[in-house]
Amino acid sequence: MKIFFSLVILLLFTGCNQNKEDKTVINFWAIGAEGEKVKLLIPEFEKLNPGIKVRVQQIPWTAAHEKLLTAYVGETLPDVFQIGNTWIPEFASLKTIEPLNNFIDNSNVIDSTNYFAGIWETNIIDSVVYGIPWYVDTRVLFYRKDILENAGYKEPPKTWEELYDLSKKIKALNPTNYSIFLPVNEWLPFILFGMQNGSSLLKNDNTYGNFSGKEFVEAIEYLNNFYREKLAPSDMQQVQNIYQAFEEGYFSMLITGPWNVTEMTNRLSSKMTGKWATAPLPSPNDSYPGFSLAGGASLVVNINSDKKESAWKLIEFLNQKETQITFYRLVSSLPSLKDTWEYEELKSNPHMKAFYAQLLNTKPTPKIPEWEQIVFAKIQNYAEVIASGKSGVKEASINLDSDVNKILEKRRWMLSR
Amino acid sequence: MKLMKKNNIAAFMFFVIPALVTLLTFFFLPVFAAFLLSFTDFDIYSLGDLSNLRFTGFANYLDLFEDPLFWKSLTNTFYFVFAGAPLSILVSLSAALLVNSKLIKWKSTFRVVYFLPVITTLVAVAIVWRYIYHPRFGLFNYFLSFLGLEGMDWLGNPVLAMPSIIILAIWKNFGYNMIIFIAGLQNIPSELYEAADIEGANWWQKFRDVTLPLLAPTTIFITIITMIGYFQLFAEPYIMTQGGPLNSTLSVVLYMYNEGFKWWNIGYATAIAFSLFIIIMTGTLIQLAIQRKLDR
Numbered sequence: 001m002k003i004f005f006s007l008v009i010l011l012l013f014t015g016c017n018q019n020k021e022d023k024t025v026i027n028f029w030a031i032g033a034e035g036e037k038v039k040l041l042i043p044e045f046e047k048l049n050p051g052i053k054v055r056v057q058q059i060p061w062t063a064a065h066e067k068l069l070t071a072y073v074g075e076t077l078p079d080v081f082q083i084g085n086t087w088i089p090e091f092a093s094l095k096t097i098e099p100l101n102n103f104i105d106n107s108n109v110i111d112s113t114n115y116f117a118g119i120w121e122t123n124i125i126d127s128v129v130y131g132i133p134w135y136v137d138t139r140v141l142f143y144r145k146d147i148l149e150n151a152g153y154k155e156p157p158k159t160w161e162e163l164y165d166l167s168k169k170i171k172a173l174n175p176t177n178y179s180i181f182l183p184v185n186e187w188l189p190f191i192l193f194g195m196q197n198g199s200s201l202l203k204n205d206n207t208y209g210n211f212s213g214k215e216f217v218e219a220i221e222y223l224n225n226f227y228r229e230k231l232a233p234s235d236m237q238q239v240q241n242i243y244q245a246f247e248e249g250y251f252s253m254l255i256t257g258p259w260n261v262t263e264m265t266n267r268l269s270s271k272m273t274g275k276w277a278t279a280p281l282p283s284p285n286d287s288y289p290g291f292s293l294a295g296g297a298s299l300v301v302n303i304n305s306d307k308k309e310s311a312w313k314l315i316e317f318l319n320q321k322e323t324q325i326t327f328y329r330l331v332s333s334l335p336s337l338k339d340t341w342e343y344e345e346l347k348s349n350p351h352m353k354a355f356y357a358q359l360l361n362t363k364p365t366p367k368i369p370e371w372e373q374i375v376f377a378k379i380q381n382y383a384e385v386i387a388s389g390k391s392g393v394k395e396a397s398i399n400l401d402s403d404v405n406k407i408l409e410k411r412r413w414m415l416s417r
Numbered sequence: 001m002k003l004m005k006k007n008n009i010a011a012f013m014f015f016v017i018p019a020l021v022t023l024l025t026f027f028f029l030p031v032f033a034a035f036l037l038s039f040t041d042f043d044i045y046s047l048g049d050l051s052n053l054r055f056t057g058f059a060n061y062l063d064l065f066e067d068p069l070f071w072k073s074l075t076n077t078f079y080f081v082f083a084g085a086p087l088s089i090l091v092s093l094s095a096a097l098l099v100n101s102k103l104i105k106w107k108s109t110f111r112v113v114y115f116l117p118v119i120t121t122l123v124a125v126a127i128v129w130r131y132i133y134h135p136r137f138g139l140f141n142y143f144l145s146f147l148g149l150e151g152m153d154w155l156g157n158p159v160l161a162m163p164s165i166i167i168l169a170i171w172k173n174f175g176y177n178m179i180i181f182i183a184g185l186q187n188i189p190s191e192l193y194e195a196a197d198i199e200g201a202n203w204w205q206k207f208r209d210v211t212l213p214l215l216a217p218t219t220i221f222i223t224i225i226t227m228i229g230y231f232q233l234f235a236e237p238y239i240m241t242q243g244g245p246l247n248s249t250l251s252v253v254l255y256m257y258n259e260g261f262k263w264w265n266i267g268y269a270t271a272i273a274f275s276l277f278i279i280i281m282t283g284t285l286i287q288l289a290i291q292r293k294l295d296r
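These protein sequence lines are chains A and B, in that order.
Residues 1 to 417 (our numbering) make up the first sequence, in order.
Residues 1 to 296 (our numbering) make up the second sequence, in order.
Treat the hints with care, as some may be off.
Only part of the chain A face toward chain B is listed, based on derived beta-carbon distances under 7 Å [stated by the list, open to error]: (1) Glu36; (2) Thr76; (3) Leu94; (4) Lys95; (5) Pro99.
As a list, the in silico DMTMM-like pairs of lysine to aspartate or glutamate whose alpha-carbon atoms are at most 20 Å apart [what the hints assert, rightly or not]: (6) A/Lys406 <-> B/Asp67; (7) A/Lys410 <-> B/Asp197; (8) A/Lys406 <-> B/Glu66; (9) A/Lys230 <-> A/Glu186; (10) A/Lys390 <-> B/Glu199; (11) B/Lys262 <-> A/Asp403; (12) B/Lys72 <-> A/Glu384; (13) B/Lys262 <-> A/Asp111.
Rather than coming from a laboratory, the hints here were simulated on the basis of the structure.
Backbone N, C-alpha and C fix where the C-beta goes; we use that ideal spot for every residue, glycine too.
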């Protein structure tokens with residue numbers, strides 16, 4: 001019986017293949033909500049390119065990284081796929097994604113100047129372009145307008161000094177509440193403020209940690225004031241639900257990404273409408289806005305694919321202004337093309353203005369495969385140690401460096417060969 | 001032994017070889033390969049190009065000793081095993097005694113009910129329990145509110161998270177051990193109880209002097225099986241807490257998984273795996289030694 005079924009299935013599969021033999025079939029893996037909605041764009045692409053058929057497979061974010069690596073080991077990667085732009089160094093070092101410089105040079109659709117510079121930069125390793133930004137992501141300041149006004153600030157803070165001063169004034173309004181939420185179980189605040197202060201994070205061609213360097217230590221000491229003076233909660237247990245806490249005024253500011261514009265709109269009660277806003281991040285000096293992270297996802301081509309041309313056509317299609325605005329309407333991921341932001345729905349959305357300004361001021365994190373491990377396994381732990389006061393800033397930063405140096409040992413060895 | 005003629009051996013091999021080959025290719029070979037890998041620094045770079053692989057001797061194992069996260073995960077795992085396993089065995093034994101009691105009606109129904117969690121997929125159970133533990137909408141906090149108590153953040157509180165996972169694990173597993181205990185109970189000859197009745201023994205004396213000693217082999221078996229299973233704690237924290245909050249539910253296997261498949265440090269991850277293997281083996285040997293002493 002089993003054999004019979006296998007035969008039937010086999011026949012079905014061969015049947016499928018025969019039907020499509022006259023068309024080039026490209027496999028496309030996309031992640032999360034984008035992966036679900038991008039299917040709606042494909043018919044249009046197939047109409048424009050009658051010789052190409054696209055098979056989209058959606059993978060969830062939580063399993064994406066593992067699945068892609070497993071597929072790489074099993075040599076079953078699709079022709080074209082989406083990856084988080086911080087994964088590019090990893091996949092490039094595996095020599096599994098195609099250098100796109102030639103494709104870009106011959107393309108009349110893709111032009112690096114049409115993209116946000118910081119985001120485009122995340123796709124380049126040693127002047128080789130490996131991916132094309134598909135949608136972008138960065139972090140901005142979300143704040144309570146009403147509370148800031150009560151504290152005497154009509155405008156959101158523009159410098160670190162103002163942020164600190166404002167935080168103290170908010171605390172003075174109601175000492176049981178906090179001013180800003182800087183989660184201690186996340187690497188984000190520490191890396192963000194360090195980067196803003198000009199720390200390179202790593203040094204010597206990204207082979208040693210630079211966390212005990214002056215700029216990073218300064219940034220941590222600045223952050224540490226917020227925890228010490230109870231301007232930011234240092235115990236994660238105190239914040240169960242950030243939306244509720246934000247509404248209650250438990251804290252008045254937080255630094256987060258574009259998805260929370262939608263979440264805030266949906267989760268905050270109606271009386272909060274107009275009481276919160278977004279702004280670009282303050283800066284340690286006069287050059288407002290300060291830098292933020294260059295996040296987002298890129299589209300890459302499998303180096304072993306025999307349908308690279310067709311795959312590239314799909315990337316070009318997804319990187320047209322019209323496609324991107326349709327896509328924004330479907331999933332509200334921020335479009336990577338600057339021109340797309342001139343459409344009414346992005347231009348007229350007050351919460352989106354801050355994101356546009358911030359996207360012009362982003363910086364990529366160090367582009368090495370070990371980076372994710374460094375931030376998730378190390379920075380996160382040290383952030384908690386510092387915020388809870390278990391260890392001094394100087395001491396912790398030296399220990400952090402030695403931990404990071406250990407992770408980077410392999411990289412040093414590889415470069416020395 | 002006379003039966004073991006030449007053609008018998010051939011027949012014997014014919015039946016055994018498929019199983020042996022499968023075991024060899026899918027179990028012993030990978031285990032051996034993993035053992036070798038634990039002495040290398042196999043990582044993402046080696047995955048792309050094998051010439052980036054270095055033989056590092058015992059470096060992975062030595063690093064483990066200095067790795068605070070490994071010690072944390074080990075402490076958590078021991079906490080889980082030494083708090084969870086005895087409790088689980090106790091619950092299984094009580095359930096077995098109840099279900100086996102002559103006074104209880106609908107015995108087979110109860111057996112099925114208690115056994116249901118065992119055959120339910122762990123992933124599904126963990127997801128459902130995540131709702132049960134939910135700080136705002138969870139069932140537990142709903143019950144607590146009836147008692148006028150403040151709801152707790154079961155999985156979000158570093159002190160409560162591990163006990164919460166232990167409760168789930170006990171609920172999920174006790175049915176399996178219960179079935180084995182029932183089999184053990186039914187193996188006890190009823191004559192012994194009759195004799196005890198004639199002597200005028202009460203319920204507790206019968207339990208202490210007849211049931212418990214005769215259940216000893218079953219108990220040892222269950223203890224070993226439960227211990228081995230509990231040392232491999234993974235799916236519950238993986239699904240419910242991802243090892244958090246503040247690494248309070250990070251188990252050794254979860255740590256191994258993170259190192260191996262998240263950061264792709266396969267060499268280091270295999271060293272963790274073999275360390276855990278040594279720990280489990282030591283635990284099992286100790287228990288077997290205790291059993292031998294008891295037998296004498």
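To test your reading of the hints: which numbers does this structure violate?
The structure conflicts with hints 1, 2, 5, 7, 10, 13, although it agrees with all the remaining ones.
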